[in-house]
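Assemble chain B onto chain A, guided by the hints.
Chains A and B, in that order, give the protein sequences. For the first sequence, the numbering used here gives the first residue as 1, with consecutive numbering after it. For the second sequence, the numbering used here gives the first residue as 1, with consecutive numbering after it.
Source of the hints: derived by calculation from the structure; they are not laboratory data. There is no bait here: all hints are sound.
One-sided and incomplete, this derived list gives chain B residues near chain A with beta-carbon spacing under 7 angstroms: (1) G63; (2) D70; (3) N86; (4) E100.
Just so it is clear, CB atoms sit at the ideal spot from N, CA and C, and this is done for glycine as well.
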Amino acid sequence: MVRALFFGFILLISSTLQAETQQQAYLAALIERTNEKQLAVHQEWLNMVHYKPNTFSGYTSQILTEEFFNADDGRINPQAELEATLASFFSDEQETDKQQNPQCRFIYRYHWLDRHLKFDNRIMPRRACPRFNEWYKKIDPHQVTLIFPAGTDNSPSSMFGHTLFRIDRVDQTEKTRLFSYSINFAAETAETNGLVFAVKGIFGGYPGRFSIMPYYEKVKQYNDMEHRDIWEYQLNLTQVEIERLLQHSWELGNTDFAYYFFLENCSYQLLALLDVARPGHQLSDQFSVWAIPGDTVTVILEDEKILKKALFRPSAKTKLRHAQSYLEGDEEEMVLDLVYGRIKPDSAEVKQLPVKRQAMVLITAYDYLQYLFNRGEATREDSAGRSLELLRARNKLPVTNTIPPVPAPKARFDQGHGTARVSLGGGQIKQAGVQRNFTEIKYRPSYHSLLDNADGYTHGAQINFFDFTFRHDAERDKLRLDEFMLIDIVSLAPRNNYFKPISWKVNTGFVRRPIDDNYEDRMVYAVNGGFGLTYGLGKDLSLFTLLDVSLLFHGDIKDNYAVAAGPDVGLYWKLTDNWNLWLSGSVQHYQDNLDYAYVDYRLENNFALAKDLALRLSAVESGIRDHTEQEVSAALHWYF
Amino acid sequence: MKKIILSALVGVMYVGSASAAPNNVGCGWGSMIFDGEQGMVKQVMAATTNGTSGNQTFGITSGTAGCAQDGVIQKYAAADAFMGANIEKVARDMSVGSGEALETLADTIGIKAQDKARFFEVAKANFDVIFPNESVTSEAALASLGKIMSADSKLAQYTAA
Chain A
1 MVRALFFGFI LLISSTLQAE TQQQAYLAAL IERTNEKQLA VHQEWLNMVH
51 YKPNTFSGYT SQILTEEFFN ADDGRINPQA ELEATLASFF SDEQETDKQQ
101 NPQCRFIYRY HWLDRHLKFD NRIMPRRACP RFNEWYKKID PHQVTLIFPA
151 GTDNSPSSMF GHTLFRIDRV DQTEKTRLFS YSINFAAETA ETNGLVFAVK
201 GIFGGYPGRF SIMPYYEKVK QYNDMEHRDI WEYQLNLTQV EIERLLQHSW
251 ELGNTDFAYY FFLENCSYQL LALLDVARPG HQLSDQFSVW AIPGDTVTVI
301 LEDEKILKKA LFRPSAKTKL RHAQSYLEGD EEEMVLDLVY GRIKPDSAEV
351 KQLPVKRQAM VLITAYDYLQ YLFNRGEATR EDSAGRSLEL LRARNKLPVT
401 NTIPPVPAPK ARFDQGHGTA RVSLGGGQIK QAGVQRNFTE IKYRPSYHSL
451 LDNADGYTHG AQINFFDFTF RHDAERDKLR LDEFMLIDIV SLAPRNNYFK
501 PISWKVNTGF VRRPIDDNYE DRMVYAVNGG FGLTYGLGKD LSLFTLLDVS
551 LLFHGDIKDN YAVAAGPDVG LYWKLTDNWN LWLSGSVQHY QDNLDYAYVD
601 YRLENNFALA KDLALRLSAV ESGIRDHTEQ EVSAALHWYF
Chain B
1 MKKIILSALV GVMYVGSASA APNNVGCGWG SMIFDGEQGM VKQVMAATTN
51 GTSGNQTFGI TSGTAGCAQD GVIQKYAAAD AFMGANIEKV ARDMSVGSGE
101 ALETLADTIG IKAQDKARFF EVAKANFDVI FPNESVTSEA ALASLGKIMS
151 ADSKLAQYTA A
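This is chain A alone, in the form it adopts within the complex (with noise of 0.2 angstroms):
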């Protein structure tokens, strides 16, 4: 009997001695075959551990966790972490709730290689990943589309937007995407002060990280509180393509990336996923300094046939605005009455209008309610009891919708212009009865100016960053930099019985200003902001009142620097799709250090050509007042 058990330990020991020993031989004859095939440098490899090429030579992981990487030095070791990797596939362990076999946990990497080695199961035995199968059959995937939350109105930064992806269900329709899941790359952080989220974001302060949650949370995040419509790019996957999303996806589990604010952010992070499920097209390649996540979504459709269909979903601000352009007479103000409490849902003067209209007004209430409670603007106490009596009332009503859907924008984000722009041009400039010819050139890398055409883009918003203007004077006969604004961002958003944004400016940056008394123009860094109000004539006309305020430095002012203040009024009209129009008259008078107005009068006008092309023709009057110069010129704006 003991014999018996000894000679079984002995068999036992034996059998597992020789199953390492193959595994080991076949472990060694993997690796020899990934070294003939050079699968370490293979550029789907690179991709899927997140190596990107030093500046000299060899590799770097954007990816920060060391559970990430099999070979201790995984991280820069493409070939250390491919053998490690095919080692660890050996692995008996049992999955758990925490643990998870590594063919399971670095499933991608798992489906690759097999794919390029055939793995033998007798020696490797392929191992059952319970928690992967489940979750990929709750998210039933059967479409990827890319979600871009554009920009709202009075935040001109948002415009540079956001992306995600949604993934979606076989048996989804239309009317039922808000239950699906996003995929979606943040920074990890609780830190809730904007100012200091960017500048550590900036610097590479908080990690990234993937996460998963319903659209639902996406929606209430980008569509209700921050007021951002929403563009869906349904894209054309093939099902290998959204399998292979989905299994990265899932190796990249709760891994840190590193995060930065212009490159390594969501958009990139987007793109970088992308690239692991559509080996050949290397989108993330074309970022190399900043990644705007609005330039993004113009490279992912830069590929014709990506495209399926592009749905829009308007913000709850949107909505409301739409539904505030149907009310008539007295509706509007009857609204904010029902909002405020000053009459109740059961009134008489709303039941004396017709049914259908009664049912808008009270549904628009509702709506009014739920967007100043989401703005902060109005408390649970007021507004609880006040929004289900609306429902009640709206609920008794025997109709169904009354208010039509939100029309989408003539134009989506990516049929917009290109957000770099390089222009060309020349005019004439008299000062003090002379005239002179110049001839300029602009450089701007990014995003959008008033003037430029507004398709796709947000109505009454700029911003635009490192804003070259060189300019050869033919007096002069020399090419000079005449100005470079670092950042200039404006937002005129109208205001109306709803909504009451304050319009806003700040810029700073280099600019040609005279500061003693000959009235030469000198270079001078100047800052400058303002607030005030606009107000919209129709759709198309907004006009605009604000008061600025500025500081101009330079050494050879009294103390180094100046301020000023004063009115800058005007107004922005889009006379045409292709016509946009700006008259504006601004006067800055400066205090102490330097004793003169500056006035500035300006027309302009930017005719659009075509999509990445337009004309600008402007006549200004600038300079201290009473010493003038006159300005005429033309040019042409190609944005790419």
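Relative to the frame of chain A, chain B by itself:
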């Protein structure tokens, strides 16, 4: 299968929600109507920096948390989670008798295409019962809906045990 879902919704869910209460992230259990998050700060931050501000952020392989497994909501909890997170929209749609939130709720309950019209009709007709006051919770509203459905010849099939 579909039957089990709503029966769970009417009765068993109470038990489930109680036991999962300390860790119910993502389920939306017990959220009160008109009690959503208010968010000026978040709004400003997120619009300019694209930071996360969702309260249902899950890592993809995060294991079990509340009614979610690896970031995906368990099937039995789909209606409850959806209702919990979207109660204001569902209430709005029920009062009108149509809309995206109501369509989606019907989907999470498992209502077949041919019975949707009836479901919308019943929901609209019983609005006052489902939302008796402004303190109603999403689970109570769903439980009322379940009871109403069980008394309806067409919709009872989605609730009977």
